[in-house]
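**Q** What follows is each chain in one-letter form.
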Amino acid sequence: MTMLATAFRMLVGLFVDDGSLALGIIATVLLSGILTSLMPDKPLVPGAVLLVGCLGVLFANMMKAAQR
Amino acid sequence: MIWTSAAPAIATAFLSSLVEAVEAMTIVLAVASVRGWRPAVMGALAGLAVLVVLVLALGPLLDQIPLHLLQLVIGVLLLLFGMRWLRKAMLRAARVVPLHDEAIAFATETKELREQARHEARLNWVAGLASFKAVVLEGLEVVFIVIAVGAGRGLLGAASLGALAACLVVVVIGFLVHRPLAQVPENTLKFAVGVMLSAFGVFWTGEGLGVPWPGGDFAIPAFAALFLMVALSAVTFTRRLRAQASP
Chain B
0 MTMLATAFRM LVGLFVDDGS LALGIIATVL LSGILTSLMP DKPLVPGAVL
50 LVGCLGVLFA NMMKAAQR
Chain G
0 MIWTSAAPAI ATAFLSSLVE AVEAMTIVLA VASVRGWRPA VMGALAGLAV
50 LVVLVLALGP LLDQIPLHLL QLVIGVLLLL FGMRWLRKAM LRAARVVPLH
100 DEAIAFATET KELREQARHE ARLNWVAGLA SFKAVVLEGL EVVFIVIAVG
150 AGRGLLGAAS LGALAACLVV VVIGFLVHRP LAQVPENTLK FAVGVMLSAF
200 GVFWTGEGLG VPWPGGDFAI PAFAALFLMV ALSAVTFTRR LRAQASP
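Quick note, the sequences are listed as chains B and G, same order. Each residue of the first sequence is one higher than the one before, counting from 0 in numbering that gives the first Met the number 0. Each residue of the second sequence is one higher than the one before, counting from 0 in numbering that gives the first Met the number 0.
Derived by calculation from the structure, the hints in this document are not laboratory data. Any given hint might turn out to be false.
What the hints assert, rightly or not - Covered by chain B, per the in silico footprint, the following chain G stretches (three or more residues, Cβ under 8 Å):
(1) 21–34
(2) 47–60
(3) 134–140
(4) 154–166
(5) 219–229
Since this is a predicted model, take the numbers as computed values, not measurements. Even glycine gets a Cβ: it sits at the ideal position worked out from N, Cα and C.
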């Protein structure tokens with residue numbers, strides 16, 4: 000059981016280091032997904048939201064880390 | 000093979016594998032310097048065997064998953080993984096956290112193994128296990144990157160070649176110099192790979208959501224350029240902020 004928990008923690012650690020960065024990415028992807036179903040005739044809008052959102056999340060996360 | 004997507008995939012797999020292989024090789028060399036090559040090589044080979052089994056077991060499963068779902072899942076995982084790498088490299092570049100130093104990692108591992116040597120009767124096992132763990136942990140990241148950048152467009156073979164070439168380069172140099180490869184500009188590599196993985200992440204996630212990216216595969220280098228610009232600006236800003244904050 001301990002080994003399984005360690006392996007799971009290790010696996011999660013591969014993708015999640017800073018919780019707020021991970022949450023920001025997931026929220027951006029979710030928003031893009033929602034926009035995809037709301038605007039099926041404008042597929043570039045969710046794409047733009049995804050790209051700009053990820054860049055924004057990265058920049059904001061770095062600024063937050065700098066102020067710590 | 001389309002070179003506009005194959006070249007970034009091969010380059011990303013090569014560079015990221017270079018970083019991971021250097022980290023694994025540091026531990027293997029530390030084990031070899033304390034207990035000799037036998038446990039170091041045996042542990043590393045056992046680790047490689049685990050990775051091969053994992054790839055052989057998971058590889059065929061990828062063909063069973065619908066392409067859009069595969070692209071979406073891999074895209075999101077790539078975003079999490081790549082932006083995590085990029086953030087870490089940015090924090091190091093901005094000197095918020097110290098740079099990773101292979102020489103220090105080597106010294107720490109060697110010291111720990113020597114400490115254990117005083118208490119453990121069966122140190123060869125412990126040393127072999129350290130080598131095994133390093134290869135599995137770093138290798139898992141390599142496997143993920145190869146699958147992530149290669150699976151969406153049938154580039155698994157090309158990405159694997161990139162990764163294999165990097166591992167061979169590191170192993171050959173490691174055996175020749177018998178020292179940790181401290182001269183490798185690890186953070187620069189991590190920065191570059193983080194940028195590329197994040198660009199792939201946005202591309203695959205978008206493809207999975209049905210976004211028709213303008214320019215098709217040419218969008219990947221364009222996204223990478225944008226990530227690079229934002230990352231460099233954030234590092235410059237952070238340095239300035241910290242310089243102003245410190246007396």
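**Q** Determine for every hint whether it applies to the structure shown.
**A** Against the structure, the hints come out as follows:
1. With a threshold of 8 Å between beta carbons, the proposed coverage of the stretch 21–34 of chain G by chain B is violated, since 0 of its residues qualify and at least three are required.
2. Here's how the stretch 47–60 of chain G fares: 0 of its residues keep a CB closer than 8 Å to some CB of chain B, so the rule of at least three is not met and the hint is violated.
3. By the rule of at least three residues with a Cβ nearer than 8 Å to a Cβ of chain B, the coverage given for the stretch 134–140 of chain G holds, with 3 such residues.
4. Coverage of the stretch 154–166 of chain G by chain B is violated [criterion: at least 3 residues with CB-CB distance below 8 Å; count 0].
5. With a threshold of 8 Å between beta carbons, the proposed coverage of the stretch 219–229 of chain G by chain B holds, since 4 of its residues qualify and at least three are required.
The structure fails hints 1, 2 and 4 (numbered hints given earlier, in ascending order).
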